[in-house]
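Participant: Which chain is which? The protein sequence lines are R and G, in order. The first sequence begins at 1 in our numbering and counts up one residue at a time. The second sequence begins at 202 in our numbering and counts up one residue at a time.
If you're looking for bench data, these hints aren't it; they were derived computationally from the structure. Honestly, I wouldn't trust all of these hints.
What the hints assert, rightly or not - One-sided excerpt, in silico: chain R residues whose CB lies under 7 Å from chain G: (1) GLY22; (2) ASN25; (3) ARG26; (4) ILE29; (5) LEU79; (6) ASP127; (7) ARG137; (8) ILE163; (9) LYS165; (10) ASP166.
What the hints assert, rightly or not - Partial selection, computed: residues in chain G whose CB lies under 8 Å from chain R: (11) ALA310; (12) ILE344; (13) ILE371.
Here the structure is a predicted model, which is why all the values come from computation and not from measurement. All C-beta atoms in this analysis are idealised placements derived from N, C-alpha and C, irrespective of residue type, glycine included.
Chain by chain, the residues:
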Amino acid sequence: MENQDNEKQEYNITVYTENQIGLLNRIAIIFTRRKINIDSLNTSPSEVESIHRFNIVITESEEVVRKLTRQIEKQVEVLKVYYHTNEDVIWQELALYKVSTDVIAERVSVERLLRENGARVVVLRKDYTVFETTGHREETDNLISILQPFGLIEFVRSARVAIIKDSEGFNSKLREFERLEPGEDVIENEYLNKGQKVFTM
Amino acid sequence: METQTITQEVSEKAAEPAKTPTTEVSGSVALLEALIVEGVDTIFGYPGGAIMPIYDALYDYNDKLNHILVRHEQGGIHAGQGYARTSGKVGVVFATSGPGATNLVTGLADAQIDSTPLVCITGQVFAHLLGTDAFQETDVINITTPVTKWNYQVTDATEIPEVLAKAFYIAKSGRPGPVLIDITKNAQIQKFDYAGYTKCDHIRSYRPKPIVRPQYIQEAAELINSAKKPFILWGQGVILGSAEQEFKAFVEKSGIPAAWTVLGAGAIPTDHPLNVGMLGMHGNYGPNVLTNECDVLIAIGMRFDDRVTGRLDKYAKQAKVVHLDIDPAEIDKNVKSTVPVWGDCKETLPMLSALVDKKEHTEWHAKFKEYTRQEVEQVIEKELNPTTVEMTMGEVIKQLNEITKGEAVIVTDVGQHQMVACRYSQFNNTRSNVTSGGLGTMGFALPAAIGAKFGAQNRTVVAIIGDGGFQMTCQELGTIMQSGIDVKIIILNNRFLGMVRQWQELFNARRYSFVDIESPDFVALAAAYRIPGKVIDNRKDLPSALNEMLNNKGSFLLEVMVTKENNVFPMVPQGCSVSEIRLK
């Protein structure tokens with residue numbers, strides 16, 4: 001247990017917040033204050049209007065992550081924070097690749113390339129072509145190495161978005177949060193929730 | 202839910218239920234109305250260009266809001282802190298944009314770490330000038346984000362009532378803390394239809410306190426009842442939660458020895474038989490050593506600061522830990538708890554009291570008494586009844602206790618005098634020890650004492666300050682002069698930055714690097730501010746000088762020359778376990 005607690009690995013931190021100016025900074029400085037690098041950060045509106053969802057990826061020990069999540073949750077405009085290992089989530093990153101159409105048409109079997117890498121063409125012009133893939137880091141990296149010899153012009157990768165495997169009832173809880181003054185079922189003591197699979201808010 | 206409307210005319214209209222009456226007011230007026238509904242009576246502030254509309258409105262509110270003009274914004278915010286600490290209310294501070302706002306930062310950091318409820322209002326340049334490097338423009342929101350519980354920039358007057366309501370609610374609920382509201386000048390001027398002020402009692406993303414789980418109370422009680430050597434550590438949470446009575450009842454029923462953190466001092470009287478003393482680096486001998494001998498540690502409203510725990514991996518490893526706190530981020534942060542009791546101790550303590558057995562723990566108490574005996578013999582006796590020619594800080598505090606009989610509010614600065622004052626002051630009442638605990642802000646005491654007096658107008662307020670710290674904020678003598686504030690000031694002058702000197706003596710082979718500090722003639726300085734004063738260097742003059750100070754109508758400055766190179770003991774050296782505490 002202790003070892004597991006101190007072993008560093010990637011953690012996916014999910015944060016539900018109000019949509020408020022300055023909140024990104026308030027959350028970011030919780031990491032920077034402790035000199036912890038954010039590997040990936042995505043923030044976008046959730047399925048519930050006015051509630052935003054952050055996906056933050058850091059490489060740290062569970063003990064550090066646990067304390068960080070409590071510090072984040074302590075912020076007034078943060079509704080709820082969870083953390084998960086990569087095994088507990090399904091995650092994707094989106095990548096875009098811009099390459100010269102001439103080179104690609106001439107030297108690469110486009111069809112094979114697309115098929116093997118699960119990529120698709122989003123823009124096809126005379127001068128350049130833009131491919132898109134989604135996947136894990138290794139997968140998007142793989143296509144870079146394939147396209148690099150063929151004059152990759154530009155590359156961009158999105159932050160990670162992750163969906164949690166054990167999140168039954170999540171959406172309805174979120175809606176409840178929006179609708180209700182929190183009642184007994186909404187305020188949860190995390191110490192009691194260890195055994196529960198379903199999220200509680 | 203309280204609603205207050207501005208004029209008589211409007212409130213008459215309010216009798217008609219059909220629609221909410223409105224009246225056109227400026228953002229500045231809406232702000233001041235908000236303060237009145239929130240029960241604010243005193244504001245500490247300093248005007249400037251970007252907050253002028255608020256000060257202009259304040260001109261008409263002179264009879265309702267007492268504004269104290271400080272001499273520096275840092276003084277203003279420390280005064281707000283002192284006010285909050287003695288009154289239990291939210292301290293309110295005004296400052297202008299730019300330098301006015303940045304001068305608040307030390308006080309915000311201090312209030313944040315010591316959980317002091319404040320609402321600070323800063324002026325800001327016109328909204329259209331934001332980000333243009335306008336005159337006295339600074340990014341106050343981002344500068345203050347790490348040192349506030351919440352902050353918000355208002356650029357439209359219509360937001361003011363709601364934002365202020367949130368500010369007060371956030372500042373004082375849950376674990377209290379400082380809130381800063383930055384208001385652009387256009388919003389201060391802007392007129393809008395004002396429909397009254399409604400206090401805030403709920404923010405959907407904010408859970409100031411949880412619903413207490415009886416299961417954990419049960420487990421905690423079982424652990425406590427089975428303990429042979431239980432030990433209570435209490436902190437400021439007991440005071441912030443106004444749970445002094447509940448705490449006393451718990452301690453008295455369980456019969457468990459209880460020790461306090463610096464900020465917890467006074468929650469039960471110093472001479473309460475179950476109060477075994479102070480924790481931490483310069484705390485008492487028994488409480489430190491026996492932390493590593495107890496079997497159940499019950500931490501109540503405290504956060505296991507490193508100055509309390511010493512070396513963490515050798516801290517109470519043998520003990521099971523019950524931790525009562527309102528802030529879940531504190532539970533398991535430094536010390537792993539066996540049973541976490543997350544909640545407001547005003548609720549959790551009575552629940553726990555109901556389940557714990559009535560006990561006396563006589564043998565266990567005898568251990569504390571034995572350590573106290575040793576500490577008295579080796580440390581306290583020398584400090585309180587010295588045989589040296591020069592006076593000690595401790596004997597000044599002892600004399601002060603005898604005269605004030607433990608009824609005074611003691612405000613201290615930071616350093617040796619602070620530790621001596623906390624160790625030896627007699628506190629009969631709660632909210633009597635005002636000091637900068639977490640941040641250790643030198644210069645805190647003089648302005649905090651000003652605020653402390655406004656927060657506890659019927660009590661004697663004594664500021665005890667070192668010669669170094671006094672010189673950091675001594676301009677606030679001007680505030681005392683102008684507003685006629687009755688603050689008694691004792692400067693314990695050892696002609697050194699004593700605490701740093703002590704460390705240099707003990708750990709840096711007496712290499713006294715820049716700790717030798719010269720002081721002005723403090724009595725003459727006070728006299729320049731028309732504050733009477735006296736300096737003494739002989740103990741035979743001490744009682745009469747203290748009496749003269751306390752009997753003087755209004756403020757008085759007493760400078761006491763004390764031993765130059767005295768050390769505060771006991772001491773847990775940095776990096777050592779609490780049980781390695783040194784008596785010399």
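Participant: Against this structure, judge whether each hint is valid.
Facilitator: Cross-check of the supplied hints:
1. Checking GLY22 (chain R) against chain G by beta carbon gives a least distance of about 6 Å; that is within 7 Å, so the hint holds.
2. For ASN25 (chain R), the shortest C-beta to C-beta distance to chain G is roughly 6 Å, which falls under 7 Å, so the interface hint holds.
3. Hint status for ARG26 (chain R): holds, given a least beta-carbon distance of 5 Å to chain G, under 7 Å.
4. Taking 7 Å as the C-beta cut-off, the interface hint given for ILE29 (chain R) holds, the closest approach to chain G being about 5 Å.
5. For the restraint placing LEU79 (chain R) at the interface with chain G, the shortest Cβ-Cβ distance is roughly 5 Å, inside the 7 Å limit, so the hint holds.
6. The interface hint given for ASP127 (chain R) is violated, since its Cβ lies 38 Å from the closest Cβ of chain G, which is over the 7 Å cut-off.
7. Taking 7 Å as the C-beta cut-off, the interface hint given for ARG137 (chain R) is violated, the closest approach to chain G being about 31 Å.
8. Annotation: interface hint on ILE163 (chain R) violated; nearest CB of chain G at approximately 22 Å, more than 7 Å.
9. Because the beta carbon of LYS165 (chain R) sits about 25 Å from the nearest beta carbon in chain G, more than 7 Å, this interface hint is broken.
10. Given the 7 Å rule on beta carbons, the hint for ASP166 (chain R) is violated: about 22 Å separates it from the nearest Cβ of chain G.
11. Annotation: ALA310 (chain G) was flagged as interfacial toward chain R, and the flag is violated, the nearest CB pair being 12 Å apart, outside 8 Å.
12. The restraint placing ILE344 (chain G) at the interface with chain R is violated, with a minimum CB-CB distance near 11 Å, outside the 8 Å limit.
13. For ILE371 (chain G), the shortest C-beta to C-beta distance to chain R is roughly 6 Å, which falls under 8 Å, so the interface hint holds.
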